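Q: Sequence:
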Amino acid sequence: MSRIKQRMGQAIKKLRIRKSSPGRSRIPQRGSVRKRLQSSQSFMSSGVDHDLEDLEMQVVRYKPEGLDVLCRKSKFTRKELQIMYRGFKQECPTGIVNEETFKEIYAQFFPQGDSSAYAHYVFNTFDHDRNGSLSFEEFVMGLSVLSRGTLQERLQWAFNLYDINGDGFITKDEMTDIVSAIYEMMGRFSEPMIDENTAKEHVDRVFLKMDINRDGVITFDEFMETCRRDENITKGMAIFDTVL
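Note that my numbering gives residue 1035 to position 178 of the sequence shown, counting from 1, and the numbers run on in steps of one.
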C-alpha cells in the first residue's frame, strides 16, 4: 500500500509541474487545431462512407439457402454445390443474376451465333417467381432437372420453355419462337445450313404430331405422349443438354 501511495504522489507532482510550467501554453496553436479538425472530419467521413457501404452491401447482396437444404432439393452433392457457388459468385458477386448478365454469360458459350433470344426464354423458365432475377437456388434447381432429372422432369421443363405465356398450352407461334431462337443460336452454322423455311417446316411437322386432337394447341399430356412415342422428337429435344 505504501508503494502505491508513493507512486500516486509522484504522478500528482508531475501533473502540477506541467500545469505551472511557463514554457507550456494551455491554448493550442492554430495549426494543431486545424489538423485535429481535419483528422476528426476525415474519421467521421470514413465512418459514414463505411456505414453506407455496409448498408449497400446488406441491401444488394443475396444470401442463398444453406447447402444442406439445396442438397435435399436438388440432385447435386454438397461438394458440387460448393464448386458451383464459387463460380456463380465470380460471375455474380451480388448473389443474383439479372437477364442481361445471364445473356452475356450465355453468349460466351455460343459466340458463333445470336443466343440472346433463346437465353431470354431459358431465363424466364428458370425464374420461377418471375421477379426478373435468378437466385442461386433457382439456377441450381434448373440445372438439376436438366442434367440429372428424370425423363418426366426434363419433359416438364421443356414444356414450360415452349409454353412462353405460361397458360398451360403450347401454340404454334410459341413453338416457332423457340425453334427459331435455337436456330439463330446454332442452326445457321450447322451442316447443311438451316434457314427460316427449314425451321418453319420443322415446326409444322412436330406440331402436327403433337396436336393429337387437332384443336390448335398442345397440352402437357399430348406433349408427353408424343415425346414418349416418338424417339426422334425425344432425341431432338436433347438439344437442351447442349445449350445449357
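It should be emphasised that the hints constitute simulated quantities derived from the structure, not laboratory data. Quantities reported herein were computed from a predicted structural model and do not represent experimental measurements. Quick reminder that beta carbons are idealized off the backbone N, C-alpha and C, glycines included. Each hint should be verified, as a subset may be incorrect.
[To be verified] Pairwise CB distance ranges, derived in the manner of DEER restraints:
1) I940 x Q969: 21 to 31 angstroms
2) G1073 x G952: 16 to 26 angstroms
3) G1025 x K1057: 36 to 46 angstroms
4) R1085 x P968: 27 to 37 angstroms
5) T934 x E1010: 14 to 24 angstroms
6) K1029 x E937: 36 to 46 angstroms
7) T934 x E956: 28 to 38 angstroms
8) E1010 x I940: 14 to 24 angstroms
9) C928 x Q1009: 42 to 52 angstroms
10) E1088 x T958: 33 to 43 angstroms
[Unchecked claim] List time: in silico DSSO-like cross-link candidates among lysine-lysine, alpha-carbon distance up to 30 angstroms:
11) K1029 x K1057
12) K930 x K946
13) K960 x K946
14) K932 x K946
15) K1029 x K946
16) K1057 x K960
17) K1029 x K1066
18) K946 x K936
19) K960 x K936
20) K932 x K960
21) K960 x K930
Q: A separate judgement is required for each hint: does it hold in the structure or not?
A: Results of checking the hints against the structure:
no.: 1; hint: I940 x Q969: 21 to 31 angstroms; result: 28 angstroms, holds
no.: 2; hint: G1073 x G952: 16 to 26 angstroms; result: 43 angstroms, violated
no.: 3; hint: G1025 x K1057: 36 to 46 angstroms; result: 25 angstroms, violated
no.: 4; hint: R1085 x P968: 27 to 37 angstroms; result: 36 angstroms, holds
no.: 5; hint: T934 x E1010: 14 to 24 angstroms; result: 18 angstroms, holds
no.: 6; hint: K1029 x E937: 36 to 46 angstroms; result: 39 angstroms, holds
no.: 7; hint: T934 x E956: 28 to 38 angstroms; result: 29 angstroms, holds
no.: 8; hint: E1010 x I940: 14 to 24 angstroms; result: 23 angstroms, holds
no.: 9; hint: C928 x Q1009: 42 to 52 angstroms; result: 22 angstroms, violated
no.: 10; hint: E1088 x T958: 33 to 43 angstroms; result: 37 angstroms, holds
no.: 11; hint: K1029 x K1057; result: 10 angstroms, holds
no.: 12; hint: K930 x K946; result: 20 angstroms, holds
no.: 13; hint: K960 x K946; result: 16 angstroms, holds
no.: 14; hint: K932 x K946; result: 20 angstroms, holds
no.: 15; hint: K1029 x K946; result: 38 angstroms, violated
no.: 16; hint: K1057 x K960; result: 25 angstroms, holds
no.: 17; hint: K1029 x K1066; result: 12 angstroms, holds
no.: 18; hint: K946 x K936; result: 16 angstroms, holds
no.: 19; hint: K960 x K936; result: 27 angstroms, holds
no.: 20; hint: K932 x K960; result: 25 angstroms, holds
no.: 21; hint: K960 x K930; result: 26 angstroms, holds
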